Amino acid sequence: MSYGVPVPGAGVDGAARPSRRGVLVGVVAVSLAACTGQPSPPPDVDPPPEPDALLRSHVAAAERALLALYAATSGQHPRLADRLLPFAVRHSLHLAVVESSGPVPPPTPSTPAGTASPARDGASPSTEAAPTPDVPADLTAAVAALRDAERAAADGRMADCLRSEDRALAEVLAAVAACEAAHDVLLGLEL
Amino acid sequence: MSVLDALQAALAGEHACVYGYGLVGAHAAARNEPAARAAYESHRARRDLLVAQVRARSAEPVAALPAYGVPFAVTDATTASRLAGLLEERLAPLYADLVAVAANPVMREMAARALVETSVRSAGWTGRTTALPGLDPVPD
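Protein chains in written order, with my numbering: chain A, 1 to 191; chain L, 1001 to 1140.
Chain A extracted, bound-state conformation:
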């Protein structure tokens, strides 16, 4: 069991559901991001390297990879798609919260600096560059792979939390780690 925390064998309520308010916050955050694009640095000064910017970029890439894994798993196993949707929604919210918390440098150094970001239509270069994740043909193995990915993500976000200079970002990353560790439990309970 991840984190050595014993958990009860069954839940009270069969559905893993995000809070409605949480989903709404995510939708609002994504909508705002779509309207405003990436935060721009002040035009007249070179911004000093912001230590947490690379951290945000790293976390955003990790959340995109998880979203790609959920999408590929739902594609390979359509029976799981409805039950996996709330998990993917929560990862979308993680991505939106991290990306809206401060500057997020582009993941590829070849991207010209200072150019305006195109509309965020989901076809970002990082998404296109990411290889389609392999999904086991066996349904049980596919769920196990999701659980492995969630545990690794929770460990990664915990490490990121401890590296973060900004306290508010550290708090967000601890909460993301907590959600991802809970995902591991919920995938084990329900699927």
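Worth flagging that the hints you see were computed from the coordinates, not collected in a lab.
Chain L is faced by these chain A residues, among others (derived, beta-carbon under 8 Å):
1) P8
2) C161
3) L162
4) A170
Bear in mind the structure is a predicted one, so any value in this text is a computation, not a measurement. C-beta atoms are modelled at their ideal positions from N, C-alpha and C, and glycine is treated no differently.
Put chain L on the given structure of chain A with help from the hints.
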């Protein structure tokens, strides 16, 4: 919020969890008894750690109340699980606050790991999570 305030708030939350898991343990389903016992021990250990941290700051740790109001009667395995989930969900924001104000990396890590543990237990008892445990409103 000061570090001391956040430590004291988390300590008060752990006192409530220790009390609450006493009720949970008395009514939990047999298959959940090990989880209830482990949670009780974990909350006691966190409580003792927080007491030491408050004392290290030359302050008097908040004491446990003689009894705590429980929002529903705990009479069977279902209500025991419900109370356990509620205890964990209410504790989470106190540790999230402590992550944000932690005075040093050791304290931040302690608080962040406690937030993860409470979220894992909460998911086990309730079968649900929010996207940002500790930052999202407590459900229900």
